[in-house]
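Visitor: Chains as they are written, first to last, in the working numbering: chain A, 1 to 121; chain B, 1001 to 1165.
Keep in mind that the hints were calculated from the coordinates and are not lab data. This structure is a prediction, so every number in the text was calculated from the model and none was measured. Treat each hint with caution, since some may be false.
Once the Cα atoms are required to be at most 20 angstroms apart in a straight line, the calculated EDC-like pairs of lysine to aspartate or glutamate come out as [stated by the list, open to error]: (1) B:1136 / A:76; (2) B:1128 / A:97; (3) B:1128 / A:7; (4) B:1004 / A:7; (5) B:1136 / A:97; (6) B:1128 / A:89; (7) B:1136 / A:89; (8) A:88 / B:1137; (9) A:62 / A:74; (10) B:1128 / B:1143; (11) B:1128 / A:76.
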Amino acid sequence: MQSNLYDYLPILLMFIVAGGFVGGTMFVTHKLGPQIKSKIKLDTFECGIESQGNARIPFSIKYFLVAILFVLFDVEVIFMYPWAVNFKELGLFGFIEMLTFMGFLLLGFFYILKKGALKWE
Amino acid sequence: MMIKYIFYFLAFVSVFSALMVVVSKNPVHCVLYLIMCFFSIAGHYVLLNAQFLAAVHVIVYAGAIMVLFLFVIMLLNLNTQSEPHKSTWLKFAAAITSGLLLVILVGTLKGSETMVMPVGNPNAGLIKNLGNTLFKDFLLPFEVSSILFLVAMVGAVMLGKKEIK
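Looking at chain B on its own, in the form it has when it is part of the complex (with noise of 0.2 angstroms):
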């Protein structure tokens, strides 16, 4: 079965590649290790018959998203010597949410165990598909996605930018 040894490939690469944003120093290498982990997970995608959307993570999120990313390091001014000092109330703030953040994710994924891949039809992801559903079945919750996008386009303009005088 060798879309098995992919998969378990594909899992180890990601959570590999996940694990070492978390852990590298530096910020650039966060960056390059989470297109990686992009990566691998669009390759899930492919194993999940999902092919447009693998094709759609690829472009906006290791293209578009990851460019983003380096902007905002380049604007945090991260130098080693600028570091901001995180005081240990900090730190135990942050462990908590996050450890309580791990047993929602862990209690919600414990109920799931009986989940099987779906193997029904394996052209259920393709782009024709993929339109029929979203413009018929999903047609409410895709112009609500109109608006959210209005909605960021205000937000980032209203952040970004100074009043002309």
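Just chain A, with the same shape it has in the complex (with noise of 0.2 angstroms):
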């Protein structure tokens, strides 16, 4: 463990890389530009129109049942990439595995698309 924590160096400068960007940019962005504050300036605005109400009003549920159904996906494409990586040495046998598995999966795909939860109508 000790030797190879060295291998996380990419990973470490990465996220240096990533925190690092943001930082500078919210740096120069309020360092380098011009700034004047005046009640009009730091208005909200939507448009050119005075904004109305509050931003936090409930929304459709829809939203929410797209984003659940993609979470579901993404676990699913997560566990095909163990899989092939030891495709040539898992053989048929794997390829039957997986198929199960997909096959499962595409059943609730396919009764989502016949429900229509994806229609935005």
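Hints given; two lone chains; assemble the complex.
Guide: See below:
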């Protein structure tokens, strides 16, 4: 474990670059641009029209449905990573195994399509 | 021993962010602290030689599940003025149930004092070895999980979709 700690250096570097980019851009935009602060400038606006009401209004459950179905298929795809890496080693048995797994999920997918859960109307 | 210090740092971050999830008044702040908690737990996975699990944890939990949490917060319409009033009895019941859960957790962990970090094979959590174990030794749980997915899909559609007229 101790020796392969250096293997994580690229990942650490990536995190530093990602964090640095966010922090850097925020710092630069706040420091470099001219700053005029007035009541009208700092007002929230929406396409030039005065904003009305609260942003926290309950919205359609369809967004949630799409998101939860996405998560399910996302997890499904993750199961395919270890299978794809070992594809040759597992052979036909692994292939059938995966077909069964995908078969159940496709059943669910057709159920979703038939029920029209992804239709926006 | 550098790993020890990394562990203490990660443990501090995860406990702190988990506490902040509970303590924060603003639900969106809670979600942001939860993301922090998930990332630190992914760090723990790496320390336990479960590298693939760490990556999956970041992709699924910090990526997808958090979007769901935000959606739920938006769906619940949590404004400060519309915050439902919680009765004393409800608070009392919540305190008892969570206290019992704490007792169970402490009792379980007390028995595993001698548990040590597995240091055997540092490559055990790599994707190739994981796949070999998953598709050979844990074949049935893997196939059963597909039925779990099916149930989750049907449940989500049943709850979230109005019947087509």
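Visitor: Next, verify each hint and record whether it holds.
Guide: For each hint, the structure was consulted:
no.: 1; hint: B:1136 / A:76; in the structure: holds, 18 angstroms
no.: 2; hint: B:1128 / A:97; in the structure: holds, 17 angstroms
no.: 3; hint: B:1128 / A:7; in the structure: holds, 17 angstroms
no.: 4; hint: B:1004 / A:7; in the structure: holds, 18 angstroms
no.: 5; hint: B:1136 / A:97; in the structure: holds, 10 angstroms
no.: 6; hint: B:1128 / A:89; in the structure: holds, 10 angstroms
no.: 7; hint: B:1136 / A:89; in the structure: holds, 11 angstroms
no.: 8; hint: A:88 / B:1137; in the structure: holds, 17 angstroms
no.: 9; hint: A:62 / A:74; in the structure: holds, 18 angstroms
no.: 10; hint: B:1128 / B:1143; in the structure: holds, 19 angstroms
no.: 11; hint: B:1128 / A:76; in the structure: holds, 17 angstroms
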